[in-house]
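2 protein chains.
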Amino acid sequence: MGFVYDFDHSHPRPPMEMKDLLGGKGANLAEMTSVLSLPVPHGFTISTDACRAYIEDGWPEGLSEEVAGHLERLQERMGRRLGDPADPLLVSVRSGAKFSMPGMMDTVLNLGLNDESVEGLAKQTSDERFAYDSYRRFVQMYGRIVLGISGEALDEPLERARETAGVKTDAEIPAAALRGLVEELKRVVADKTGSPFPQAPEDQLRGAIEAVFSSWNGARAVAYRVRERIPHDLGTAVNVQAMVFGNRDDASGTGVGFTRDPATGAQGAYGDFLVNAQGEDVVAGIRNTEPLSALGDRFPDIYSELMEIFARLEGHYRDMCDTEFTIEQGKLWMLQTRVGKRTGRAALAMAVDMVDDRAIALSHEEAIQRITAEHIDQVLHPQFKDISVTPLTKGLGASPGAAVGAVVFSADEAAEKAASGEKVILVRNETSPEDVHGMLAAEGILTARGGLVSHAAVVARGWGKPAVVGAEQVRINAGAKTFSVSGTTLAEGDVISIDGTTGIVVAGEVELTAAEPPEELSRILSWADEVRGDRLGVRANADNGPDAENARRLGAEGIGLCRTEHMFLGEDRLPIVRRMILAEGSAEEEAALEELRVAQRDDFVQILEAMDSLPVVVRLLDPPLHEFLPDVESLLVKQARQGLSGEEERLLEAAKAWRETNPMLGTRGVRLGVLKPGLYAMQVRALMEAAVRRAKAGGRPIVEVMIPLTVSREELALARSWVEEAIAEAGETDAAGRIEVAIGTMIETPRAALVAGEIAEVADFFSFGTNDLTQMTFGFSRDDVEGRMMNAYLEKGLLPANPFENVDPDGVGRLVAMAVEAGRATRPGLHCGVCGEHGGDPQSIEVFYRAGVDYVSCSPFRVPIARLAAAQSVLAGG
Amino acid sequence: MGFVYDFDHSHPRPPMEMKDLLGGKGANLAEMTSVLSLPVPHGFTISTDACRAYIEDGWPEGLSEEVAGHLERLQERMGRRLGDPADPLLVSVRSGAKFSMPGMMDTVLNLGLNDESVEGLAKQTSDERFAYDSYRRFVQMYGRIVLGISGEALDEPLERARETAGVKTDAEIPAAALRGLVEELKRVVADKTGSPFPQAPEDQLRGAIEAVFSSWNGARAVAYRVRERIPHDLGTAVNVQAMVFGNRDDASGTGVGFTRDPATGAQGAYGDFLVNAQGEDVVAGIRNTEPLSALGDRFPDIYSELMEIFARLEGHYRDMCDTEFTIEQGKLWMLQTRVGKRTGRAALAMAVDMVDDRAIALSHEEAIQRITAEHIDQVLHPQFKDISVTPLTKGLGASPGAAVGAVVFSADEAAEKAASGEKVILVRNETSPEDVHGMLAAEGILTARGGLVSHAAVVARGWGKPAVVGAEQVRINAGAKTFSVSGTTLAEGDVISIDGTTGIVVAGEVELTAAEPPEELSRILSWADEVRGDRLGVRANADNGPDAENARRLGAEGIGLCRTEHMFLGEDRLPIVRRMILAEGSAEEEAALEELRVAQRDDFVQILEAMDSLPVVVRLLDPPLHEFLPDVESLLVKQARQGLSGEEERLLEAAKAWRETNPMLGTRGVRLGVLKPGLYAMQVRALMEAAVRRAKAGGRPIVEVMIPLTVSREELALARSWVEEAIAEAGETDAAGRIEVAIGTMIETPRAALVAGEIAEVADFFSFGTNDLTQMTFGFSRDDVEGRMMNAYLEKGLLPANPFENVDPDGVGRLVAMAVEAGRATRPGLHCGVCGEHGGDPQSIEVFYRAGVDYVSCSPFRVPIARLAAAQSVLAGG
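Protein sequences, first through last, are from chains G and Y. Be aware that the first sequence starts at 1, since it is given in the numbering used here, and climbs by one per residue. Be aware that the second sequence starts at 1, since it is given in the numbering used here, and climbs by one per residue.
Treat the hints as calculated values from the structure; they're not laboratory data. These figures come from a predicted structure and were not determined experimentally. Any given hint could turn out to be false.
Since the list can't tell identical chains apart, any single copy or any two copies may satisfy a pair.
[As the list claims (entries may be wrong)] Here are the computed lysine-lysine pairs in the BS3-like style, where the Cα-Cα straight-line distance is at most 30 angstroms:
1. Lys-481 to Lys-638
2. Lys-417 to Lys-331
3. Lys-417 to Lys-385
4. Lys-656 to Lys-638
5. Lys-676 to Lys-394
6. Lys-481 to Lys-676
7. Lys-796 to Lys-676
8. Lys-394 to Lys-656
9. Lys-796 to Lys-656
10. Lys-481 to Lys-123
11. Lys-186 to Lys-168
12. Lys-638 to Lys-186
13. Lys-423 to Lys-341
14. Lys-423 to Lys-168
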């Protein structure tokens, strides 16, 4: 066993690869010390094992002795002892988890000071003021973090001291007053805790270590992990390190430095520093920092030493590094390094530059692995320039990118104002097909209700238009044309800003960065395409010609899901669909179907043209019919209030007849086809006519007809027979010989996955509808559980991630893998795709690749991300 | 290959076991001919293989030659030829599927007659009238069945012939007139089909065989199979047999005979016969039949031959046989035999008698296998005496048994009239918790809406009270106190009869058979219990003391599902539950929970007392909260019409807040527990208090706490921690030491089944909730798909059975088996039960037994059936 490791411990592997055990900070400190021999203050790391053991069962047995042993060695090396009244050692105690969680967990500095050692420090530094300022900072920090005393109770004596001294800043308080202040702070501690401020350094250390361990489960940290999808069971390491002081004199200082510009990726060091200051001063922003280049003027030797270190770090990590350093009386100390975070633009530039750089010589594969989905999102969509804006409220980020505009409450207003050049945000409780023209005209969409698969969300993503949905605090007063959020009221015309990535809504205008995909993006993506080859294809979900064109431009290799219901929802189509539903005889029904056939055919022609020579999967009608009918409740209320017209009465009857208790599990998909077989036949006829037309025009249409919601072989065989009949009709024209048609099914019920071997007997291909498969496998209605319930589940760690964002590998992923295997056992080489929302999520893509899927399909704007993630999955899969 | 077998073909196995190939009729004809050497007219069977091949690809290659060969042999044996102008052979062509489908498929008699052979027949029989009557029957039958001419078109010339002859019955038409009639009938045929009536016997035979094949997929046959759950892909065999004539003279006759009384099981032959008649005359009921015993007086030799045959048949089949026989000019011919259908009472009596009978010496195992669920249902519940009643309408048979009573439309009226001794049937659109007192008072329940898991259905089954639900044609006019069904209107007080097994509703009083479980039932069940031993237990679903007592009386070995929500639905409880939901602070909420705790505790005491020393599985609250709130829509309409009270406004707000788009997949079960943890803690406290009270009173409570709707290990671990806390509280009393408690979970989401290995880490037992598991695995909302959609699926053969009645072995059954296996891999010997409705269905019980389940649980009145089915499963499983 062994919970504690000195920074220069000899590990069996490079410490930088041991973040699981040492945490990120500890691993990099060890790497700098033991591998690179950089000037790092001595110290040791208490491993994450210890934290996990502590959380499970309390302070681990033997840990006290281990810490004491390592502390002893540290004291020997430094030639100083904690609490020494003559020349005391001071240490910092810092958290350091596997994944960086900036500001989320606790840190204690200046540990080791007490009533005696403060005098030693004063003597050694010949600076009483410095010593007592350090001590009062320690008492305050320790009191707040370890002893749990409120910050205000500890700030108050400081304020009084400033007043008494008649000064404005802490730095001006004279030494004598600081002595008194320390006494007062200790009194506050005794008062609040019932015990005197701990004087024994070993007690101080134990308290600080426990506080860091416990901060892993602090509310902020938990919330951060939920947001960042970091597992809750990792725990944090604790780093105990000898303190050095950048605030000793004018030959001292502190700074942060990047080996390249993290915002743009430009080559050359980048950073800030402050003379005679401690790290927190740089962060606090009290004094204006100087650019790193100015360091060369003040301390040329140190500057060149630092630049040499930067070069070594970049050469060693083969990536941009982010460092913290301190100069203590003319000596440079490296306090921390890590591979630096960066913007999307910088990530792309750096990756490409490092491939071209002969020294670093990043491979294409490595370059691909440096880029994340968020990086690509950033360069494809406008973003808030300042991410620390104050939110008015927060909803679900439903379609990425940021937008600014004046509030409007109706689609007509949106269209009108947009036509006159005004930028607007459409704010609605929820959207419906009747709002589509307004949604198209608006810069962005904000809804108070609905989840990530609501109408607003799906439509906005299809267009790459920013949208925030389900912002539950938003209360719309349609009559007054205002909306309010817990007290704040905004009226029509007021400007708001929304961020469809984070779900944040801001009152007023936030400055946006432009969306300008840099040229490096296409180089990276071309490398990604090389890597994935034909092992994992990327298609797009698109329902019309313009979307299909856009998808192709973004690199889609076909359409994985063309939802024909969207073709039924246009302003001109809906009345026809309703006529079909209300039809009193088969003649009336057929007439309506006929009108729809002509309309659909023209849609299909456009799509097949845009995707010429590439496969287009057309899903036959999927949603329940009541989605095309008005809301029963509003009609009932209207009926009670003022009565209904004859037409409305008929619509009400139909809406009542078709509504369902659990529409998700009701009469939709192929079930609707079974009850109204004319519907599917009409759709296939329209599709085949379109294909014939394209073939006659010299095109090469590749059609894949997809039957949704199958549960049995027999059901698919029946649907297949309708499709084959309609194809045979089309086959009577010459051009039909040039059309490739396949007939397959969506696997989106658990049963379909379980009997996939049988279903494959009559399916030319499978496409996994992982949205519905997730809903049914978990028994989660997305409309109902996302929000309050899902948040509670994620916070309490009952689920590792929202399964609608990252596909659940153990349940849904397993069903996918079982179905792929069983399907191919029946029909070797069966082509399998994924057309759920997960098709655009990198983590899910990896699960699908491992399950043996041939391609993923996602909304057009996710295609670049999916291409990258597909390559990353192929690389991870070996 | 070979599609055709003579009756005396030498098969590798006893033909009676080859019904798959030969059909039931063919197998028994072959058995009687080749094994028993009984006097059976020669003939041959065209196998079901041929029928399946015909349905798939049309008339099979080589079949014509085979039939011709066998026909040649038949002609040789009989010394007559089809169509012979001198002495013609006539044959019958009859369908015969594996399972008897009486009257559902087609038969052609007298085949082989044509214009020439009819003269031969006349000469041979010296009976011109007989010959021409046979011919005209043949032309009519062939015209209708093979040529598809309407019966009316063919009856009309017959009517005219009667009129012309001035006679009343067909039998009186003189021979000469019959000649003319045949000519006229042939003209009708030529007219309707465009071709003359086929004269060549081989053409006639081919046509008849094809007609029988095709009748397999006739509408009547398909509907029958759906009702009887016979697979659609079996096909029928065709039996071609030399005709004998019971209508030749007074030394001829025909009859049907049973080896025992099929209604009572009484020993001794039973049946009817007619002198000088054909089979159809017996069936048509034109003449009064004589009892079989009278045969002894008329034809003593034949009678004793027949009795000897009956004894041989019973000895050979070791069961009661049902036969058809014909006497032709003093010679006895056996035309058909099969193991006879019987009533429940008869089945029980015969099984027990045949065990006691040394000659037959049925084993207990065999006796058990002779009894079906329907037999037991018949003796446990009253039934319609005459099953051929004319239905007013038909709904879903939701709770077996028949009931008669006066129509009432409200629960209060039901209670009032029942109190004054009147028998009533409660007729409602649907029932709710407020109707429970009226439901209890009524003889039976009829609802216009709702499925087999609706409130009415579940409550009625729990009480064993007949119920028909979802009778969609019923239109209730509450104001007028009437209901109507397509034109017929019944008022309050009118008598109706309902059959909760078949779903049939009859206007007026139908005579009922009494429900008197015969003593043979307990003998059979005790044998069943011996057979199943501890290999498959039977528990009951019961939510209160009286039901638990009843369940124990019927043989339940514990409670597999105690639904605590039913404890929330009483008239006295609902207001408290609503107070809890509406609570504005935690104090108010806790006060309501406290009241519920006390109420629930008393319920639990009763249940634990009734089930002392037997395990009781208590499921914590499962349904979504909105089920305890009023309907949003009615409140909205009321609000629009007349406004709401303050209380109603609050209820409306709460109902809106808690309602969900897909409540089946929403915030319920353990999810509700996560959001309102006080709820589950309260329930466990109430349960443990009850257990302590029972233990103190000297009882032995065995408690199994069950968490519903789990999807992950972490979720169950959290819920388990609440339960353990509440148990620990109770553990502070001495009595608690004597309480056995286990904590487990329902496996009812597909994900739970898929990750059962992990879940078993924190579960002491599993219980499969196969209702919800079926809903989620298929994506079928039972409320929505049962009815129109399910009927369409069953009729079109898209599903082999309604998966809510018979568990789906390939999807749901597979998940159960996977979960049992994975659970036991983690926790060897993990106890697994089933508590869905399927627990009372024999076919499902067999699937569960094969999946390794330890017990099934069902409603108390199904317990006897489940005990029997469990034994049958054990026997089938070996």
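Against the structure, the hints:
1. Lys-481 to Lys-638: both (21 angstroms within a copy, 27 angstroms between copies)
2. Lys-417 to Lys-331: Close neither inside one copy (63 angstroms) nor across copies (100 angstroms); limit 30 angstroms.
3. Lys-417 to Lys-385: within (26 angstroms within a copy, 76 angstroms between copies)
4. Lys-656 to Lys-638: Both: 15 angstroms inside a chain and 18 angstroms across chains, each within 30 angstroms.
5. Lys-676 to Lys-394: between (43 angstroms within a copy, 24 angstroms between copies)
6. Lys-481 to Lys-676: Close neither inside one copy (43 angstroms) nor across copies (36 angstroms); limit 30 angstroms.
7. Lys-796 to Lys-676: For Lys-796 and Lys-676, only the inter-copy Cα distance (14 angstroms) is at most 30 angstroms; the intra-copy one is 46 angstroms.
8. Lys-394 to Lys-656: Close across copies (22 angstroms), not inside one copy (35 angstroms); limit 30 angstroms.
9. Lys-796 to Lys-656: This pair counts as between: shortest inter-copy Cα distance 27 angstroms, intra-copy 40 angstroms.
10. Lys-481 to Lys-123: The answer is neither: 70 angstroms in one copy and 102 angstroms across copies each exceed 30 angstroms.
11. Lys-186 to Lys-168: The answer is within: 23 angstroms in one copy meets 30 angstroms, while 122 angstroms across copies does not.
12. Lys-638 to Lys-186: Close neither inside one copy (70 angstroms) nor across copies (66 angstroms); limit 30 angstroms.
13. Lys-423 to Lys-341: neither (33 angstroms within a copy, 80 angstroms between copies)
14. Lys-423 to Lys-168: neither (46 angstroms within a copy, 92 angstroms between copies)
Violated hints for the displayed structure, listed by number in ascending order: 2, 6, 10, 12, 13 and 14.
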